[in-house]
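Use the sequences and the hints to build the structure in full.
There are 2 protein chains.
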Amino acid sequence: MDIDKLFTKSDLIPAIVTDTDGVVLMMAYMNKESLTKTIETRQTWFFSRSRNELWNKGATSGHIQEVAEIYSDCDDDTLLVKVKQTGSACHTGEYSCFFNKVI
Amino acid sequence: MDIDKLFTKSDLIPAIVTDTDGVVLMMAYMNKESLTKTIETRQTWFFSRSRNELWNKGATSGHIQEVAEIYSDCDDDTLLVKVKQTGSACHTGEYSCFFNKVI
Numbered sequence: 001m002d003i004d005k006l007f008t009k010s011d012l013i014p015a016i017v018t019d020t021d022g023v024v025l026m027m028a029y030m031n032k033e034s035l036t037k038t039i040e041t042r043q044t045w046f047f048s049r050s051r052n053e054l055w056n057k058g059a060t061s062g063h064i065q066e067v068a069e070i071y072s073d074c075d076d077d078t079l080l081v082k083v084k085q086t087g088s089a090c091h092t093g094e095y096s097c098f099f100n101k102v103i
Numbered sequence: 104m105d106i107d108k109l110f111t112k113s114d115l116i117p118a119i120v121t122d123t124d125g126v127v128l129m130m131a132y133m134n135k136e137s138l139t140k141t142i143e144t145r146q147t148w149f150f151s152r153s154r155n156e157l158w159n160k161g162a163t164s165g166h167i168q169e170v171a172e173i174y175s176d177c178d179d180d181t182l183l184v185k186v187k188q189t190g191s192a193c194h195t196g197e198y199s200c201f202f203n204k205v206i
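So the sequences go chain by chain: D and V. For the first sequence, this note's numbering assigns the number 1 to the initial residue and increments by one for each residue that follows. For the second sequence, this note's numbering assigns the number 104 to the initial residue and increments by one for each residue that follows.
None of these hints come from the bench; they were simulated from the model. It cannot be assumed that every hint is accurate.
[Claimed, not checked] Partner residues aside, some chain D positions facing chain V, computed with beta carbon under 7 angstroms:
#1 Gly-22
#2 Val-24
#3 Ile-64
#4 Ser-72
#5 Leu-80
#6 Tyr-95
#7 Phe-98
[Unchecked claim] Pulled a few chain D residues facing chain V out of the computed Cβ check, cut under 7 angstroms:
#8 Leu-54
#9 Trp-55
#10 Tyr-71
[Stated by the list, open to error] Distance condition first, Cα-Cα at most 30 angstroms in a straight line; then the derived DSS-like pairs of lysine-lysine:
#11 D:Lys-5 with D:Lys-37
#12 V:Lys-140 with V:Lys-204
#13 V:Lys-108 with D:Lys-101
#14 V:Lys-108 with V:Lys-135
#15 V:Lys-112 with D:Lys-32
#16 V:Lys-187 with D:Lys-32
#17 D:Lys-101 with V:Lys-135
#18 V:Lys-108 with D:Lys-5
As the structure is a computational prediction, the values presented were derived from the model and not from experiment. Virtual Cβ for every residue (Gly too), placed ideally from N, Cα, C.
Okay, here's the thing in structure tokens:
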């Protein structure tokens with residue numbers, strides 16, 4: 001796939017990350033550069049909106065994500081990234097970031 | 104949970120929708136009103152950024168989503184909505200919107 005078409009509407013695209021069993025781990029944003037690095041290195045790279053820089057998930061914690069597959073959605077404005085998660089995805093130590101029950 | 108805290112950073116929050124087996128179906132945005140309606144009706148309501156209005160998933164297609172559980176993430180700025188999907192989640196007829204393989 002030509003990844004340029006994913007960034008026609010916006011420079012940033014939300015990326016849903018699941019493990020290879022399908023557990024939803026986290027959501028973060030990618031720009032074209034971080035998606036390119038993700039594809040090249042087979043590890044997840046995101047763009048931090050607050051720090052305005054790329055970050056490699058697990059670079060400091062060791063909790064890296066090895067990329068198995070990436071899909072885009074029907075209108076090419078959201079990504080689904082399937083990974084093999086080392087350790088926990090969440091900085092709190094929880095395996096998944098989605099642990100606050102709303103209902 | 105007091106849902107007000109989900110909308111302190113932004114009026115819109117991304118909502119990842121999976122079925123109750125964990126298959127990622129789609130991603131759309133909720134504002135406080137659509138999340139409130141989702142909780143009250145136990146069907147998914149989203150906010151359309153292009154049409155600037157609320158929409159009830161399945162209202163025209165019949166492909167409604169019955170809400171089983173909702174979680175927020177560690178920093179309360181993304182939702183995970185687990186649903187029982189009637190028919191297909193994607194307007195193309197695919198069960199999930201994530202069918203374009205990037206890698």
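Each hint tested on the structure:
1. Given hint, Gly-22 (chain D) at the interface with chain V, holds; its Cβ is 4 angstroms from that chain's nearest Cβ, closer than 7 angstroms.
2. At its closest, the beta carbon of Val-24 (chain D) sits 5 angstroms from a beta carbon of chain V; the interface hint therefore holds under the 7 angstroms criterion.
3. Proximity of Ile-64 (chain D) to chain V is violated relative to the hint, the smallest CB-CB distance being about 17 angstroms (cut-off 7 angstroms).
4. Hint status for Ser-72 (chain D): holds, given a least beta-carbon distance of 4 angstroms to chain V, under 7 angstroms.
5. About 4 angstroms separates the beta-carbon of Leu-80 (chain D) from the nearest beta-carbon of chain V, less than 7 angstroms, and the hint is met.
6. With 7 angstroms as the threshold, the beta carbon of Tyr-95 (chain D) stays out of range of chain V, its nearest partner Cβ sitting at about 11 angstroms, so the hint is violated.
7. Hint status for Phe-98 (chain D): holds, given a least beta-carbon distance of 4 angstroms to chain V, under 7 angstroms.
8. Because the closest C-beta pair between Leu-54 (chain D) and chain V is about 18 angstroms apart, greater than 7 angstroms, the hint is violated.
9. For Trp-55 (chain D), the interface hint is violated, since its Cβ never comes within 7 angstroms of a Cβ in chain V; the closest pair sits about 15 angstroms apart.
10. Among the interface hints, the one on Tyr-71 (chain D) holds; its C-beta lies about 4 angstroms from the nearest C-beta in chain V, closer than the 7 angstroms criterion.
11. Of the pairs offered as hints, the one joining Lys-5 (chain D) and Lys-37 (chain D) holds, with about 17 angstroms between alpha carbons and a cut-off of 30 angstroms not exceeded.
12. Distance restraint check for Lys-140 (chain V) and Lys-204 (chain V): the Cα-Cα separation of roughly 34 angstroms exceeds the 30 angstroms cut-off, and the hinted pair is therefore not satisfied.
13. With a C-alpha separation of about 13 angstroms, the suggested pair Lys-108 (chain V) and Lys-101 (chain D) falls inside the 30 angstroms cut-off, and the hint holds.
14. For the suggested pair Lys-108 (chain V) and Lys-135 (chain V), the alpha carbons sit about 10 angstroms apart, so the restraint of at most 30 angstroms is met.
15. Restraint check for Lys-112 (chain V) and Lys-32 (chain D): satisfied, since their Cα atoms lie roughly 25 angstroms apart, inside the 30 angstroms limit.
16. For the given pair, Lys-187 (chain V) sits about 34 angstroms from Lys-32 (chain D) by alpha-carbon distance, which is inconsistent with the 30 angstroms threshold.
17. For the hint pairing Lys-101 (chain D) with Lys-135 (chain V), the CA-to-CA distance comes to about 16 angstroms; that is within 30 angstroms, so the pair holds.
18. Our distance criterion of 30 angstroms between C-alpha atoms is broken by Lys-108 (chain V) and Lys-5 (chain D), whose separation comes to about 34 angstroms.
Figure legend: structure checked against the earlier numbered hints; hints not met, in rising order: 3, 6, 8, 9, 12, 16, 18.
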